[in-house]
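Novice: Here the structure of chain A is known, so what remains is to put chain B in place on it, guided by the hints.
In order, the protein sequence lines correspond to chains A and B.
When you number the first sequence by my numbering, it's gap-free, plus one each residue, and the end is 253.
When you number the second sequence by my numbering, it's gap-free, plus one each residue, and the end is 253.
Hints listed in this document are in silico derivations from the structure and should not be mistaken for laboratory results.
Where hints are given, some of them may not hold.
[Claimed, not checked] Okay, the calculated beta carbon distance ranges per label pair:
no. : chain 1 : residue 1 : chain 2 : residue 2 : range
1   : A       : P74       : B       : R127      : 24 to 32 Å
2   : A       : P74       : B       : H52       : 22 to 30 Å
3   : B       : R127      : A       : R20       : 49 to 57 Å
4   : A       : H130      : B       : K232      : 18 to 26 Å
5   : A       : G61       : B       : R79       : 46 to 54 Å
6   : A       : E233      : B       : I46       : 48 to 56 Å
7   : B       : D100      : A       : R79       : 18 to 26 Å
8   : B       : K232      : A       : E233      : 56 to 64 Å
9   : A       : P77       : B       : I46       : 23 to 31 Å
10  : B       : E3        : A       : R79       : 37 to 45 Å
11  : A       : P123      : B       : E245      : 21 to 29 Å
12  : B       : P72       : A       : E163      : 15 to 23 Å
Everything numeric in this text was worked out from a predicted model, so none of it was measured.
Where a beta carbon is used, it is the ideal one built from N, C-alpha and C, also for glycine.
So the chains spell out like this:
There are 2 protein chains.
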Amino acid sequence: MDEPVLLTGAGGHVGEAILRGLGDDYDWRLLFHSPPDEEPDHPYIIGEVQDHEDVAAAAQGVDAIIHLAGDPRPSAPWRSVLTNNIDGTHTVYEVAVEEDVDRVVFASSNHAVGAFETDSRTPEMYRTHHEYRLDGSELPRPGNKYGISKATGELIGRYFHDEHDISVCNIRIGNLNEDHPPIDYERGQAMWLSMRDCAHIHDCALQADYGYEIVYGISDNDRKYYSLDRAKEVLGYEPRDNSAEWNGEEKVA
Amino acid sequence: MDEPVLLTGAGGHVGEAILRGLGDDYDWRLLFHSPPDEEPDHPYIIGEVQDHEDVAAAAQGVDAIIHLAGDPRPSAPWRSVLTNNIDGTHTVYEVAVEEDVDRVVFASSNHAVGAFETDSRTPEMYRTHHEYRLDGSELPRPGNKYGISKATGELIGRYFHDEHDISVCNIRIGNLNEDHPPIDYERGQAMWLSMRDCAHIHDCALQADYGYEIVYGISDNDRKYYSLDRAKEVLGYEPRDNSAEWNGEEKVA
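For reference, chain A alone in the conformation it holds in the complex:
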């Protein structure tokens, strides 16, 4: 690929999965919040995602942005998500307009819909036989302040898509695990996203044609309660992993 792509939040866990899987496939520009431990393989800037100048410097000349930066803690307090996540995401889109960026892929979260997991639905909804599915067309129900900030990021993207014709894909990411999925934790099994599926869905989101999308980013887990239909149909997502195929030590399949 010739076109440069900016990755914000490059030092985080999702950023790591993307760079590990797709490091050679794109001409990356990286935005880090704090200095990385090792010297990155790509041009980078250290800055604040809500700082317009920092983001503009990082985004110069890029054609696409994968926007991961923000406070990643589900328990993050309002003040932090208001600044880092809500204002930060708005800053990224503002810069995208100024830099004539064609597409933004936004790391939304399962926490944007966390409150669908009511006491009366769980733990049944985490089980294989259960038919309950969220598909992205439902109104968000954030389970915490972090979830409010992610659902708001989706709204901000909606505005910038409608007003400035930027292609926007919001990926509601499940639980990314470095190794195998949690074995005895039903929700974690439902929610698992493997490192390679994580890289792959972001690759798809950089390649596919779409206008404005909300998709779920998990592996093809037997226990899933998120539909992958939209990700498969629109993005061409073909997950290779399934948390059910792990027996606790090594992969079964």
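Specialist: Okay, now just chain B, sitting in the frame of chain A:
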């Protein structure tokens, strides 16, 4: 009514309609952003809606809040709506939890869904024969930064309903006009909310039983493209006005 109700943004246009129609029906507490021209008939505080102490002082002992305060300009810049509308609404809900408030009625806006009015749909969708309807179950499409802030206010309310069991009614208010509806402006005719219907729908929202609702707040206009079904069914809203019944000078019906 014995239970005190806090009205934030009491000095605005919607606040005026509510106090004019329901001034004697509730034990009002008022929060003004700036000193009112005339001495109010009810206890009041002058303060900032994003200032926790100001809102807490105004909300002391109330059972319900009608939250109108914020920057009301559709053209308001991001910085202002981030602070006044998004952070302000979060402050109101935080105080609602602390003060054990049972319900919050939130002044959302037609601008939360303004981008549904695409070039290809308008002006047809403003016309009587056109069947296009938004009903509140659709994902928001904000038409401006103000609209983003209002849709975010709905999300914040969703969280506080799910987490703290506060009854929340979001009213997507159309265009409130002091006198008659605009005569030669199709969108304005579709969107009109009369002063007395405005007071009435807020009265309904203070009285009805519900969990979390998003309803449209317009009069029963022939040209409407917002469904009033939910407001009628859940709130018992019975609008008395219709922009089609005005001939430009006086009411026809």
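Novice: All hints, please: hold or fail.
Specialist: A quick look at each hint next to the structure:
| no. | hint | result |
| --- | --- | --- |
| 1 | A:P74 - B:R127: 24 to 32 Å | violated, 47 Å |
| 2 | A:P74 - B:H52: 22 to 30 Å | holds, 23 Å |
| 3 | B:R127 - A:R20: 49 to 57 Å | holds, 55 Å |
| 4 | A:H130 - B:K232: 18 to 26 Å | violated, 35 Å |
| 5 | A:G61 - B:R79: 46 to 54 Å | violated, 27 Å |
| 6 | A:E233 - B:I46: 48 to 56 Å | holds, 54 Å |
| 7 | B:D100 - A:R79: 18 to 26 Å | holds, 23 Å |
| 8 | B:K232 - A:E233: 56 to 64 Å | violated, 37 Å |
| 9 | A:P77 - B:I46: 23 to 31 Å | holds, 28 Å |
| 10 | B:E3 - A:R79: 37 to 45 Å | violated, 32 Å |
| 11 | A:P123 - B:E245: 21 to 29 Å | violated, 55 Å |
| 12 | B:P72 - A:E163: 15 to 23 Å | holds, 20 Å |
Of the hints listed earlier, those the structure fails to meet are numbers 1, 4, 5, 8, 10 and 11, in rising order.
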